[in-house]
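K.L.:
So you can see what is in the structure, the chains are spelled out below.
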Amino acid sequence: MRLSETNKAWLLLLPAFLFLLLPLYGLLSALWSSLTVNGAFSLSVYQQLMERDAFWGSLFYSLRIAIIATLLSLGFGLVFTRTFTHYLNKTSGKLAAWIPMLFPHFVWGYLVLLLFQQSGFISYMAFQIGIIESREAFPILTNDKNGFGMIITYMGKEIPFVILMLLPIYAQQNSQYHDLVRTLGGNRWHRFKDAEWPWVYPVLLETGVILFSFIFSAYEIPYLLGATFPEMISILTYDWFYAGDWSERPLAFAAMIFTSVIIGIIAWIGFSLMNRKRWLLTKGSR
Amino acid sequence: MQYKPRMKTASFWFLTGSLFLFPVLFLIVKSFTLPWRYQADFHMHFTLRGWSTLLSENQLISATFISLLIGAVVVLLNLIIGLSAGKALAFYQFKGKSIMDTLFLLPLIFPLLAIAMGVHIAMIRLGLADSWIGVVLIHLVPTIPYSIKILRNGYVSLGSAMLEQSTSLGANVRSRFLTIELPLLKPALRSTIFLTFVISLSQYVITAIIGGGNVVTLAMVYFPFLQSASSTVLAAFSIWFALVPILFYLIVEIILCFLPYQSPWRIKT
Amino acid sequence: MTQSSFITLQNASKSFADTVIFKHVQAQLSKGEILSIVGPSGSGKTTLLRCLSGLEPFSAGDFIIDNQNVTKLTANKRPVSLVFQQALLFPHMTILDNVAYGLTFQHVKKKERAKQAQELIDKVGLKGYEKSFPHELSGGQQQRISLARSLAISPDLILLDEPFSSLDPQLRHEMRDWVRKLLKSQQMTAIFVTHDREEAMQMGDRVGVFNDGSFQQIGTPQDVYQRPVNPFVATFFSDCLVLDDHKYVPVSHLFISNNTSNDAHLQLEAIVQNQVFIHGETFYQLWVASMNKRITLPSSLSLHEGANVTVMANAEAVQLFPEDEIKE
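These protein sequence lines are chains P, X and S, in that order.
Residue numbers for the first sequence follow UniProt numbering, beginning at 1 and rising by one.
Residue numbers for the second sequence follow UniProt numbering, beginning at 1 and rising by one.
Residue numbers for the third sequence follow UniProt numbering, beginning at 1 and rising by one.
Just so you know, these hints were derived from the structure itself, not from any lab.
In this text the structure is predicted, and so the values were computed from the model without any measurement.
Some hints here could point you the wrong way.
Derived list of chain S stretches under chain X, where covered just means 3 residues or more per stretch with a C-beta under 8 Å from a C-beta of chain X [claimed, not checked]:
1. 78-84
2. 90-96
3. 100-108
4. 146-153
Pairs of lysine to any residue residues, derived as SDA-like cross-links and limited to a Cα-Cα distance of at most 20 Å, are as follows [what the hints assert, rightly or not]:
5. S:110 with X:175
6. P:8 with X:177
7. S:123 with S:184
8. S:293 with S:307
9. X:186 with X:84
10. S:109 with X:172
11. P:94 with P:82
12. P:90 with X:17
Backbone N, C-alpha and C fix where the C-beta goes; we use that ideal spot for every residue, glycine too.
Could you build the full structure based on these sequences and the hints that come with them?
P.N.:
Structure (structure tokens):
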């Protein structure tokens, strides 16, 4: 029997759909666990959650760290890629910029610890040169309240990721658009805005959504470099999940559902902006 | 364009050097030197103790093998799912295709912690918790979206006409896949395999939840080390984390050589 | 027609969802014959070719090769091979591997494969390139290898989809002649698709003018050019001034005059738009306002742009389209 083209497509997509069941089930089961108390539907878990100051503190703290780290990674990644496209396109440049991709996040986190903690390498060198007189004089940059250590770790790992996502666009960039804007009298800013931004913007948005969601809810880096107070939401959740008598497990699920909803809203805004832009771009191929 | 190329070259290498290369060099040096004493003068003491302690850690080798096994199975499943879905998204037109693009990105966006906690009970019921199969399954969540994306782009740049040409010359689906698709998708396959493996190797919390401490991957050994081991040993361990994907990559390259129409003595562009 | 032809297409139709691409297409080819299909872009000729090759299924109709119905055979099983617009050589294979590629599916032994492929490479004039990779060849060379690769599987029918369109004009002319000779020397039955009527005339033993999803007329180039059966063929393939749905005048029977005359049967007011020089003759492009048409005519008169002239023809020059048009 000869399959129709549409059926063939669905058949090819079948394994991917089967896979999607796993995260879908995970989320729904988490939602279910947060909405039932002793088998009956109830919102009491969320009521409890709202009353926890620790939850709100963690939520806003995580939001802040995630936004700062995402924006800085996107910004530096963008400037780096557009300034150094030529070098990044060569094998040596590519290899150099992608070295951090080789290491897990937590290894990069440990590295930041080695470099930036009070007894770390930078502090040690500053002491040897004579900038500081004792290690106590070195500012606390890891496990600190402001999340400096976490932000710097994420930047170290995510800037290469941003470069990876943006490089294809800059490498295939049609310079004729630049020339066109120039002949029409546009300055540097116009060239960026009209000949570059429309292509970069959708990818930047997509990358931003991925980074934000990841940083907002990742566990490993806060575990290594986070402060004891305030905690990132993932640490709080994990602690609740494994709290001795399991009485706080529903809270852990509720906290994650809450986090998912926030991520969902941000991703939805991001993707709808992105798809509109993409749709326009496909109309005029370059 | 604006400033001198030499300046630009210098600034590129200064930035990549200090941001990306120096940290790695630092780790390497660190793994061969004793921890520094703060109040003493600047000096470095060479030592092999870090590496010898690491390699004599009896969990290390078994954890490396488990990580390689889990990584390999995760990669294989990624290739199966990514190649088929990538092909469908690249070549077929159907309703809801743009929604599908977003749909396949979602596992990357929702908190892995939430998903792992959510499937945990089900995994226990299915007997998959505390087993490496369960860990493989949960590792699919942060990897599949990338694989679909990369392989889809690979198929798009390959183009459907190339495949039709092969069919027109008499190739059936299987031989076309082996002689045309796989060899020409090699760059995309490499990226997929490498990225998938590195991501799988990097998972601590979801491995801990689903594996329940019984599936001891490298990450599961590394975290307790953070509390106990010296910085020299940890630096060596950190480098080990980069060596394992490189080892895996080399194995993959050897396997890729067995694809049809590979002639390593000819350089192609 | 009593004599059975080598290739027969009966009542072939194709539609996607509710758009009809072509319907009730009929065609017959004898062994070793080359048919050119010429038509404007969007006429459905490329889809017809894809259906013949098996890459797309026909919606209805029968496709018979050498008394065997191949309609149900998939593209890889059909004794038909398709040469695309682009050479589409497999970039990871040597030229020899490329040409031998199709033979691997016919269970030909490796040595024999190499021998046959080498023969074809020699035949297309690229001896010495067998170990090269496609990117080392020029566009024209690549297209020749592509043709050799399709010939290698000894198909019963070879389909060529505007194979010269990506080449520059000079090369295109040389390739036409060369490809025709090669196909003839192999006694290959071929269908050649193009949108260029000159190319169609040059390549085909017969030409089929294709528009609106069906053949408007099939015949020798001379026949179709001199006796178009309907207004579309008359304007698209032939050089005619179509007067109405029933009457036309071949351009060769029209002449330009500065003044009006009582003798001429047909007289049309026209304005000179510009002049071009081809093959040593002067041609004027004229705008006939009353018919809303532009025609190009040779003339020895010296005319300037914007001049008002009269286009004339004698009564016997006016021809009628045959009543029994093959269309509809």
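K.L.:
Residue 109 of chain S and residue 172 of chain X were given as a pair; does the straight-line alpha-carbon distance stay at or below 20 Å?
P.N.:
Holds. Residue 109 of chain S to residue 172 of chain X sits at ~18 Å (cutoff 20 Å).
K.L.:
Against the 20 Å threshold, does the CA-CA distance of residue 94 of chain P and residue 82 of chain P hold or violate the hint?
P.N.:
This hinted pair holds, its Cα atoms lying about 14 Å apart.
K.L.:
Are the Cα atoms of residue 8 of chain P and residue 177 of chain X separated by 20 Å or less?
P.N.:
Given that 20 Å is the threshold and the Cα spacing comes to 16 Å, the pair holds.
K.L.:
Below or equal to 20 Å on CA atoms is what counts here, so check residue 123 of chain S against residue 184 of chain S.
P.N.:
holds, 13 Å
K.L.:
For the segment 90-96 of chain S, do at least 3 residues have a Cβ located nearer than 8 Å to some Cβ of chain X?
P.N.:
Holds, because 5 residues of the segment 90-96 of chain S bring their Cβ atoms closer than 8 Å to Cβ atoms of chain X.
K.L.:
Verify the proposed pairing of residue 90 of chain P with residue 17 of chain X, using a straight-line Cα cut of 20 Å.
P.N.:
holds, 16 Å
K.L.:
When you check the alpha-carbon spacing of residue 110 of chain S and residue 175 of chain X, does it fall within 20 Å?
P.N.:
Satisfied, since the Cα-Cα distance of roughly 16 Å is no more than 20 Å.
K.L.:
Under the criterion that the straight-line Cα-Cα distance not exceed 20 Å, is the pair residue 293 of chain S, residue 307 of chain S satisfied?
P.N.:
Roughly 17 Å between the alpha carbons, so the hint for residue 293 of chain S and residue 307 of chain S holds.
K.L.:
Starting from residue 186 of chain X, check that the Cα of residue 84 of chain X is at most 20 Å away, please.
P.N.:
holds, 15 Å
K.L.:
So is the segment 100-108 of chain S in contact with chain X by the C-beta rule, three or more residues under 8 Å, or is the coverage claim wrong?
P.N.:
Since three or more residues must qualify, the claim that chain X covers the segment 100-108 of chain S holds, with 5 doing so at under 8 Å.
K.L.:
Mind taking a look at whether chain X covers the segment 146-153 of chain S? Criterion is 3 or more residues with CB to CB distance under 8 Å.
P.N.:
holds (count 3)
K.L.:
Count the residues of the segment 78-84 of chain S whose CB lies closer than 8 Å to any CB of chain X, then report whether that count reaches three.
P.N.:
holds (count 4)
Going down the numbered hints, you'll see the structure goes against none, and every one checks out.
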